[in-house]
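With positions in the sequence shown counted from 1, the corresponding number in my numbering is that position plus 17.
Keep in mind the hints are simulated off the structure, nothing from the lab. All C-beta atoms in this analysis are idealised placements derived from N, C-alpha and C, irrespective of residue type, glycine included. Don't take each hint at face value.
Stated by the list, open to error - Below 16 Å or equal to it, Euclidean Cα-Cα: the simulated EDC-like pairs (lysine to aspartate or glutamate) are: (1) Lys-171 x Asp-151; (2) Lys-40 x Glu-69; (3) Lys-66 x Glu-44; (4) Lys-21 x Glu-69; (5) Lys-99 x Asp-126; (6) Lys-21 x Glu-68; (7) Lys-65 x Asp-46; (8) Lys-83 x Glu-68; (9) Lys-66 x Asp-46; (10) Lys-38 x Glu-51; (11) Lys-21 x Glu-64; (12) Lys-38 x Glu-74; (13) Lys-21 x Asp-46; (14) Lys-40 x Glu-51; (15) Lys-77 x Glu-44; (16) Lys-99 x Glu-57; (17) Lys-77 x Glu-42; (18) Lys-21 x Glu-86; (19) Lys-65 x Asp-45; (20) Lys-21 x Glu-42; (21) Lys-66 x Glu-42; (22) Lys-83 x Glu-71; (23) Lys-21 x Glu-57; (24) Lys-40 x Glu-74; (25) Lys-21 x Glu-51; (26) Lys-83 x Glu-69; (27) Lys-83 x Asp-46; (28) Lys-66 x Asp-45; (29) Lys-40 x Glu-86; (30) Lys-65 x Glu-42; (31) Lys-83 x Glu-57; (32) Lys-65 x Asp-31; (33) Lys-66 x Glu-86; (34) Lys-99 x Glu-69; (35) Lys-40 x Asp-56.
To be verified - Computed Cβ-Cβ distance ranges for the label pairs, DEER-style: (36) Arg-22 x Tyr-157: 18 to 28 Å; (37) Lys-171 x Pro-234: 23 to 33 Å; (38) Tyr-170 x Gly-80: 54 to 64 Å; (39) Tyr-209 x Arg-22: 32 to 42 Å; (40) Asp-56 x Tyr-157: 28 to 38 Å.
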Amino acid sequence: MNVKRFSVSGMTCDGCVQSIKTKLELEDDIVSAEVSLNDEYLLLSSEKKYEESEINELLKSVGSYKVSEDYNKPNIIKIISKYLSTYKPILITLIFVFLLSFLSYIAFDGNGDSFMRFVMGYFFLIFSFLKFQDISQFAYSFSNYDPITKTFYKFGLLYPFIELSLGIFFILGVFLLFSNVLTLIILLPQTYGIFMKLRRKEEMINCACLGTSFSVPLSNLTIIENLSMCLMAIFFIVAII
Numbered sequence: 018m019n020v021k022r023f024s025v026s027g028m029t030c031d032g033c034v035q036s037i038k039t040k041l042e043l044e045d046d047i048v049s050a051e052v053s054l055n056d057e058y059l060l061l062s063s064e065k066k067y068e069e070s071e072i073n074e075l076l077k078s079v080g081s082y083k084v085s086e087d088y089n090k091p092n093i094i095k096i097i098s099k100y101l102s103t104y105k106p107i108l109i110t111l112i113f114v115f116l117l118s119f120l121s122y123i124a125f126d127g128n129g130d131s132f133m134r135f136v137m138g139y140f141f142l143i144f145s146f147l148k149f150q151d152i153s154q155f156a157y158s159f160s161n162y163d164p165i166t167k168t169f170y171k172f173g174l175l176y177p178f179i180e181l182s183l184g185i186f187f188i189l190g191v192f193l194l195f196s197n198v199l200t201l202i203i204l205l206p207q208t209y210g211i212f213m214k215l216r217r218k219e220e221m222i223n224c225a226c227l228g229t230s231f232s233v234p235l236s237n238l239t240i241i242e243n244l245s246m247c248l249m250a251i252f253f254i255v256a257i258i
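With the hints as extra help, turn the sequences into a complete structure.
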């Protein structure tokens, strides 16, 4: 028995799926042909080994379909497209963070230090606003991976207010030593919690960073965000001390 998977192009509806399946299964040496419209693949079970050219020849009579043997090869465009689609809410939010930071940097004739300060400020400010829409639900989701909230649930309820305060402090440039130390205190345990969740590969959980407005899976992207914030906080602490 030969089992082979092919990618299929040219399908537009369930009728196309049925046409391909029916045509192929009429062949004596084809045991079954499973076709997926959404994933665009053909899983062929046959007594002899079929090449893509042979299958394309068979399908000529039923429509403009084309199969190829590259289904299992990584498709960079599809991978990038899926990633952008999945994490679009976070990526758009980060774009706004950097855009506002750049505009503030230009408006106030800042330097490199002030740009980082604005990034940290708008990061906390924007993400806190998203959490305020449903604080109780945010705290529940946050407790899935934040060690502090797991131990002290009320910390999750206070977290949006902490982020809001940090955002204001960073943008105004006040209480910077306190703000950077607090940034490390809240983000380092959280990052560890995320890392452990991803490492265990447990059930998929949503990232609470956007509150409950968007359904975005927890991923390494959040770890990168948090570690970037921690590195900037360490830079400021060293510079201040």
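**OP:** List, from low to high, the hint numbers that the structure doesn't satisfy.
**Re:** Hints 5, 27, 29, 32, 34, 35, 36 not satisfied by this model.
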